[in-house]
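Novice: If you want the building blocks of each chain, they are given just below.
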Amino acid sequence: MASSHGTPPVFNNKVIAWVDHRLPIFSYIEKEYHTFPTPRNFNYFWNFGAIATVMLVLMIATGIVLATNYTPHVLMAFDAVERIDRDVPQGWLIRDLHMNGASFFFIAVYIHIFRGMYYGSYKAPRELLWMLGVVIFLLMMATAFMGYVLPWGQMSFWGATVITNLFSAIPVVGESIVTWLWGGFAVDNPTLNRFFALHYLLPFVIVAVVALHVVALHVHGSNNPTGIDVKGPQDTVPFHPYYTMKDGFGVMVFLIIFAAFVFFAPDYLGHPDNYIPADPLVTPAHIVPEWYFLPFYAILRAIPDKLGGVLAMFGAIAVLFILPWLDTSRVRSCTFRPIYKWFMMLLVVDVIVLGICGSKPAEGFWVPLSQLATLYYFAHFLVLLPILGKIERPLPLPPSIADSVLKKKAV
Amino acid sequence: MVATGALGAVGAAAVAWPFINNLNPAADTLALSTVEVNVTPIAVGQAVTVKWRGKPVFIRHRTEAEIKEAEAVPMSQLPDPETDNKRVTDTAKKVRPEWLIMIGVCTHLGCVPLGNKPGDPKGEYGGWFCPCHGSSYDTSGRIRKGPAPTNLVIPDYLFTSDSLVRIG
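One line per chain: the protein sequences are A and B, in this order. Residue numbers for the first sequence follow the working numbering, beginning at 635 and rising by one. Residue numbers for the second sequence follow the working numbering, beginning at 1279 and rising by one.
Hints listed in this document are in silico derivations from the structure and should not be mistaken for laboratory results. Just so it is clear, CB atoms sit at the ideal spot from N, CA and C, and this is done for glycine as well. Keep in mind that a hint or two might mislead.
If you want a taste of the chain B side facing chain A, the calculated C-beta under 8 angstroms gives, among others [what the hints assert, rightly or not]:
1) 1410
2) 1425
3) 1444
4) 1445
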């Protein structure tokens, strides 16, 4: 059954052979997930695509089960969620998996994005692969936002109010768009209903875009820590068993940490205010989004102008779409970019600073700090990246992946 | 070819419209359009919040000092210039400076500003303060500081008698 790359596999099992002759799913799996030649030098950063996929499946599975006990009505939603927590058999577990699963899905995806940026995985010929990734990220944000509205607590309601009001910043038609989004004059029952419908739909759209992401990945194969292209069979190993095992190990470690939160601190990443039923007449004293939105929230608040703030926030994600063309360096991996490497780490620090600013009230010293951090964020992409590629002198690249691996071993 | 394409586009738009318009407010939502409030129990210096179209409406019985302060502000100091007089006029064009009636929704991103309850922070200009992103409104509900672009919105209202006001 084993085959080398390029020759179609021969199946000994007659049923499998019969099916495969008519619908080549087994050949496909064999080619793309077994013999698929994969760079031999992956580090653990390459686990996070698989980890994110596992989290997506977990979110869909727990979500479907939760939906069977949930009621999308303003008078019943809060109680329905409490009932899931208290009365439904293992409801607490399914809900805590789903709630913390969202956070851990974002953790996996943020590390995955960092990996792509640090090792230059977005560069030719993987630009579309990267852009599909940004689409997935946007869909995840929309899905997470609408999911957070469903328990209909105070943070749900006011989060929905603030985020939908972002669209009122659009000149002329803004107010009509917001009324259209709400289906009324405020966030209310029609809003909750449609958010539930979309929250159920979007994960399947994400699955579809993930499929495209994987198809695009398998055209030129994965990037690797050296950022140099595969030059021959000595540079690769078959995907199975090498990376199925390595990914499996990474998934297990990740799930252990995830389980620690689910079982021992299920509300650590949430807000106590969301256990107060939604009240349209009282805004909580300090409203903040979930942690994974904080850097973008800080950018929104950093600009002292409504439309400007909204544009900057969306711009912070839009700039990722054109990242492959902003980076002028021909070297992919930061390993061989002695200057950019440090600016990349500074960007990570900057995003963390933005996240902290986003979690604080918009007053005092936090305002200028978030403005400075916002400025650096955009300067990184729009100024540093294009210029550094021209002036930086990269370190000498190894002749091949195999060469770099064997040399490292010799040392 | 062009004619066929154009007709196809018109047909596609005609089919898409019901799906888009379906998300707009329904007739029963639109029907909840007025609310009537008796203002006699509201003492000078006090304010109440009533719910209209799912949103809070502030009714403040202003003190002499608050009215004077609001009237004295030069227009050049206002990001969204509007006289106090204009903001306390009902739909019958009658001016009642003691009653300030506004939609209690911050024009930035829709939070409910603080300042209606006795212990609330009223911000730097003695009116309302939005805790979400730090907008401050004056005693006429006009934006003075912070990210909100416009003054708090004045709904259509009419005093049907000296004690009864109809909002909407």
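Novice: Indicate, hint by hint, whether the structure satisfies it.
Specialist: Hint-by-hint comparison with the structure:
no.	hint	result
1	1410	holds, 6 angstroms
2	1425	holds, 6 angstroms
3	1444	violated, 17 angstroms
4	1445	violated, 13 angstroms
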